[in-house]
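Protein chains in written order, with the working numbering: chain A, 1 to 338; chain B, 1 to 338; chain C, 1 to 338; chain D, 1 to 338.
Read the hints as simulated data drawn from the structure, not as lab findings. Note that CB positions come from ideal geometry on N, CA and C, so glycine has one too. Errors might be hidden in some of the hints.
[Claimed, not checked] Simulated DEER-style distance windows between Cβ atoms:
no.	chain 1	residue 1	chain 2	residue 2	range
1	B	ALA2	A	ASP244	53 to 61 Å
2	B	GLY28	D	VAL275	26 to 34 Å
3	A	ASP237	D	ARG238	49 to 57 Å
Residues per chain, in single letters:
Number of protein chains: 4
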Amino acid sequence: MAELRFGLVGLGHWGPNYARLLSGQVPGARLVACADLREDRLGMIGTLYPQVRLHGDHRALLAAGDLDAAIVATSASTHREIVLDCLAAGLHVLVEKPLANSSEACEEMVRAVERTDRVLMVGHTFLFNPAVQRVKQLLDGGAFGRVLYLAFRRTGLGPIRQDVNALWDLAPHDLSMLRYWLDSDPLEVTARGQSYLRPGVEDVVFLTLRYPDDVLVGIQVSWLDPVKDRRVTIVGDRQMVVYDDVHPTEKLRVYDKGVSYQPRGGDFSEFLAAVRDGDIVIPKVESREPLDEELRHFVHCVEMGLRPRTDAIEGLRLVRILELAQADLARHSVEVAR
Amino acid sequence: MAELRFGLVGLGHWGPNYARLLSGQVPGARLVACADLREDRLGMIGTLYPQVRLHGDHRALLAAGDLDAAIVATSASTHREIVLDCLAAGLHVLVEKPLANSSEACEEMVRAVERTDRVLMVGHTFLFNPAVQRVKQLLDGGAFGRVLYLAFRRTGLGPIRQDVNALWDLAPHDLSMLRYWLDSDPLEVTARGQSYLRPGVEDVVFLTLRYPDDVLVGIQVSWLDPVKDRRVTIVGDRQMVVYDDVHPTEKLRVYDKGVSYQPRGGDFSEFLAAVRDGDIVIPKVESREPLDEELRHFVHCVEMGLRPRTDAIEGLRLVRILELAQADLARHSVEVAR
Amino acid sequence: MAELRFGLVGLGHWGPNYARLLSGQVPGARLVACADLREDRLGMIGTLYPQVRLHGDHRALLAAGDLDAAIVATSASTHREIVLDCLAAGLHVLVEKPLANSSEACEEMVRAVERTDRVLMVGHTFLFNPAVQRVKQLLDGGAFGRVLYLAFRRTGLGPIRQDVNALWDLAPHDLSMLRYWLDSDPLEVTARGQSYLRPGVEDVVFLTLRYPDDVLVGIQVSWLDPVKDRRVTIVGDRQMVVYDDVHPTEKLRVYDKGVSYQPRGGDFSEFLAAVRDGDIVIPKVESREPLDEELRHFVHCVEMGLRPRTDAIEGLRLVRILELAQADLARHSVEVAR
Amino acid sequence: MAELRFGLVGLGHWGPNYARLLSGQVPGARLVACADLREDRLGMIGTLYPQVRLHGDHRALLAAGDLDAAIVATSASTHREIVLDCLAAGLHVLVEKPLANSSEACEEMVRAVERTDRVLMVGHTFLFNPAVQRVKQLLDGGAFGRVLYLAFRRTGLGPIRQDVNALWDLAPHDLSMLRYWLDSDPLEVTARGQSYLRPGVEDVVFLTLRYPDDVLVGIQVSWLDPVKDRRVTIVGDRQMVVYDDVHPTEKLRVYDKGVSYQPRGGDFSEFLAAVRDGDIVIPKVESREPLDEELRHFVHCVEMGLRPRTDAIEGLRLVRILELAQADLARHSVEVAR
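Model the full structure from these sequences, guided by the hints.
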């Protein structure tokens with residue numbers, strides 16, 4: 001099969017990673033053209049990849065008519081227009097998360113792609129992360145027991161996005177892992193946050209969600225934190241797992257720990273909490289690059305005509321959760337206003 | 001001045017620490033008698049401190065009539081009765097946190113002590129912790145800037161209390177630090193939690209609070225977590241501090257970090273987020289034992305007739321916040337019930 | 001059997017730990033009397049343990065004639081005289097490491113105890129440390145393979161001893177573990193060190209030893225290091241272990257790692273180094289206090305008439321290694337003298 | 001000035017990093033041709049950089065006659081021949097460390113370059129590392145005091161080199177830092193090591209060196225260690241520094257710690273060791289890539305006709321120390337032979 005010819009729209013923070021992977025690393029795919037509004041970014045790519053064609057916007061990129069697929073790595077507010085144009089031009093599309101900045105826009109994309117036989121995939125990179133996949137295996141295996149609760153932290157000092165707040169920028173990662181691991185959607189979404197740097201753009205958000213089967217979830221996202229933290233704690237009734245994405249080599253820790261709790265006879269009608277505190281295992285997890293895996297999955301789906309693991313419907317589901325959280329943020333910003 | 005003669009009521013998890021400090025370490029104070037309902041606990045104290053008198057309950061302890069002060073380290077549900085009896089017997093009282101398990105009980109104690117000239121102090125130990133005091137100095141100094149938000153984590157695998165849930169057991173520490181550092185009370189309290197080990201007793205609670213001046217606070221408390229974590233992140237607009245109470249020697253880290261954010265001219269109407277990422281300082285903090293400091297403060301207040309830093313009014317304030325949180329927990333347990 | 005009556009000689013840095021354990025914690029043993037040259041130290045013990053008799057030197061302590069056993073926790077240069085006096089008085093003796101400051105003194109003690117039926121034990125505490133014992137089990141089990149080499153670090157800022165240099169103060173711990181784990185004595189001892197604080201007293205020493213079967217050992221001891229480090233790396237040909245005695249809970253890490261190396265055919269006559277990099281296991285190790293275990297072992301040996309695990313012969317062996325190291329230190333201080 | 005045209009000889013572990021930096025990143029320099037004996041390596045470079053010419057050996061690379069400078073990144077045993085050929089062809093040369101595998105070969109290169117006006121530089125990369133440069137500033141500043149001793153650890157599981165042992169592979173980094181920081185050569189070199197994977201190729205070496213002014217140095221290098229460690233401890237009499245090259249962001253720690261030691265009056269003729277234990281500062285160190293800095297320095301020296309900071313004389317000095325260490329290794333391997 002011939003190599004897929006890719007166009008890349010958006011060369012900001014994340015886009016150049018696609019350019020690197022499509023220049024010799026991912027088989028069956030080749031970067032043909034790039035588009036960005038800013039000349040300095042185009043110039044940088046031109047120096048590194050002299051054979052790639054450069055355009056000032058996505059329309060010029062599409063006009064050449066020589067592409068099979070597009071990657072959309074622009075800001076979320078522009079996704080609707082660019083993705084629809086790419087689909088109209090007959091291209092397969094891989095679009096960065098979140099799919100769009102409203103569920104209404106997502107729904108329009110879902111409808112648009114369903115009228116074609118093209119692939120539309122959202123870049124929920126963490127589902128292609130070997131550590132996240134290993135957690136899935138642990139949860140589905142027998143030793144872990146029942147999932148009780150999860151706590152996520154995604155903090156650091158920047159990078160600060162222009163187009164979305166910290167909720168829309170950071171929480172999609174955590175919400176996509178939750179959907180992957182729990183295979184369900186939340187029943188309740190609570191959010192409290194605050195805008196410190198720019199009015200109306202939350203820098204810090206505390207999210208709490210309830211999933212079916214009494215699973216409680218806490219998520220903290222922040223752009224304004226001295227420590228880069230990417231940690232998930234998953235507590236089961238027989239094992240517990242900590243996933244630390246910042247650690248260079250030891251990303252997972254499986255704790256053979258638990259508490260069982262039984263009424264104790266006698267005068268004091270006390271309960272006896274028996275803590276089981278066993279070994280910790282740090283499983284060896286391969287260090288494949290998630291974005292590389294994601295691109296290979298996209299290429300594979302295009303070649304085989306398959307539905308991608310993170311299709312537009314998945315993207316829509318997450319945006320609906322973000323909207324619920326945003327609404328709760330808005331409601332409570334008003335209540336406490338001075 | 002003669003040594004204060006102490007009686008100690010309650011020899012569970014924490015009580016023996018008072019016995020140790022009152023046996024030769026804290027000047028001006030001496031342990032004379034102990035009371036506990038359980039014989040095994042009395043026996044253990046008797047072996048270590050043969051000269052201390054042992055009683056089966058606090059009434060027998062008071063009946064001897066030879067005490068100046070009492071320490072109440074029993075479960076919170078018994079505080080009201082024991083503290084009132086001790087005050088009625090003319091003793092000064094140091095009672096463990098929380099002051100009581102309801103604001104109504106706290107108010108009764110506040111009224112009771114106001115009718116006497118006795119000292120009633122609540123054991124909010126963290127206010128006597130040198131690292132917590134250093135944070136106060138940092139916040140009050142000029143370099144830190146304005147406090148923006150704080151995140152607290154207080155997790156671990158047990159110890160699991162019989163009498164209260166994780167909120168009432170663990171959050172008083174964080175709430176007392178907040179009051180000390182911010183000198184204000186919260187305007188809004190949100191709580192979500194879940195009971196996994198015993199029905200109706202929350203093991204895991206996510207709290208979010210809003211304080212005046214847009215200060216946002218997130219607190220996670222849990223008895224069911226594989227990692228013992230006691231960490232507070234305090235973000236100011238000019239410096240940031242992490243206080244890690246679990247670290248044996250490096251409890252504080254002061255980060256010379258910040259973000260300033262300004263509109264940028266030009267076609268893209270972007271904002272320029274300038275991240276300042278400077279040195280980190282780990283100040284040397286003395287390693288005095290907080291409980292020792294707390295006892296010395298209590299002895300000093302008794303000797304001088306002073307109002308203690310953590311008096312009954314302070315204890316009442318915190319219990320009111322706990323009640324607000326508990327009410328929110330209850331409200332949302334119902335909503336999501338299956 | 002009646003309780004053993006103990007006398008404790010030496011109340012410096014380490015002695016008070018014995019006093020604590022012999023006051024109600026170790027069964028079958030009771031502290032009756034203490035001796036120290038300094039009044040302030042005696043006074044401190046008197047306050048904590050009012051029932052214990054206090055003496056100005058070990059002769060006065062022995063004169064009362066009411067003891068079964070003595071603990072000698074004085075500086076090494078005084079061990080010979082005090083131990084011999086205690087044995088002459090018919091007592092069993094537990095003496096701190098090193099057994100003495102010369103092999104000649106050790107040999108005299110060995111001869112003295114062999115003329116009696118008393119127990120003479122050296123306080124090589126690490127052999128009673130649960131983590132060290134677990135390492136022994138790992139090495140003796142099948143999975144570890146052959147021991148290749150070991151690296152020890154024992155550094156920190158003080159405490160600085162008056163009587164011995166850093167080699168004699170710190171290295172006995174490492175040398176006793178080596179003897180326990182390898183069950184052999186070194187074939188070659190190399191030492192380089194330097195005296196920075198006081199002339200003739202080495203603060204920093206790098207030791208290298210060769211044991212049978214090509215086992216190489218490096219040891220660094222230092223009183224002048226910013227970081228408290230107590231780490232041993234044990235490399236086998238099938239597994240590797242790191243023992244970190246400073247970590248509060250995770251003292252051992254067992255690495256399923258190794259390298260196998262085979263000639264590779266072809267033009268380049270290269271060798272193929274196949275690195276196996278598997279899981280890491282942090283086994284749960286009980287947190288019993290080593291000194292408590294050591295005292296129980298001593299009491300048990302006295303009661304049963306057994307030879308202790310760390311008898312005077314063991315103490316002598318270690319002192320001989322220290323003398324070899326000291327001689328190499330001395331030889332090379334001269335060579336490089338300015 | 002025209003761009004320097006570079007040829008790169010050797011595409012093993014390290015060579016591709018030069019290819020990347022010379023393809024658009026380092027100004028004034030451009031990769032024109034590569035040479036390697038293995039076709040697979042040439043193919044990989046050809047895919048990434050289609051415009052670069054590929055050759056089967058360095059002679060073919062030189063034959064084209066269109067180069068200004070060569071980078072020699074082959075195994076140490078081939079450096080002499082390739083470097084001399086490059087110099088004979090009139091090129092400037094940057095050669096990987098160690099300069100050669102014998103001081104005799106180094107001396108021949110020194111003589112050869114002195115007959116020309118070309119630049120011959122050795123790739124002692126750590127001298128271009130911002131953290132290493134910051135340490136130099138600290139040592140030269142007033143606050144640090146006198147350097148007392150240094151301890152280096154350079155361990156990990158592989159990569160295992162075919163051509164040299166762990167001493168010649170790893171210790172050049174540490175020895176080059178020592179020369180940079182101390183500005184002197186060692187007076188005594190002691191080495192003990194062992195060959196576990198292949199006969200005659202030491203995998204683990206413990207080095208001890210004495211430098212002028214009583215500066216003691218310990219270095220441990222190992223290919224067979226479960227933990228990747230790149231740590232240097234530098235102890236001064238007023239401050240101490242730990243340089244941890246593995247830490248992603250906090251590479252340096254400056255400890256305001258020290259010990260002063262004075263005779264104490266009174267009966268016990270003791271010395272009083274006063275430990276000063278102050279703040280720790282983690283200075284912000286820029287994260288420039290050392291190899292990029294090194295290449296820019298080489299280009300600058302070529303353009304300006306300057307002598308590089310790490311010239312052939314420097315390379316020779318280090319190889320002489322390695323030879324002394326290797327001789328000590330050999331001497332003591334014989335002595336202990338079974």
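A quick look at each hint next to the structure:
1. B:ALA2 to A:ASP244: 53 to 61 Å: Holds, at about 56 Å.
2. B:GLY28 to D:VAL275: 26 to 34 Å: Roughly 30 Å apart at Cβ, these two residues keep to the hinted range, so it holds.
3. A:ASP237 to D:ARG238: 49 to 57 Å: Taking Cβ atoms as reference, ASP237 of chain A and ARG238 of chain D lie about 55 Å apart, which means the hint holds.
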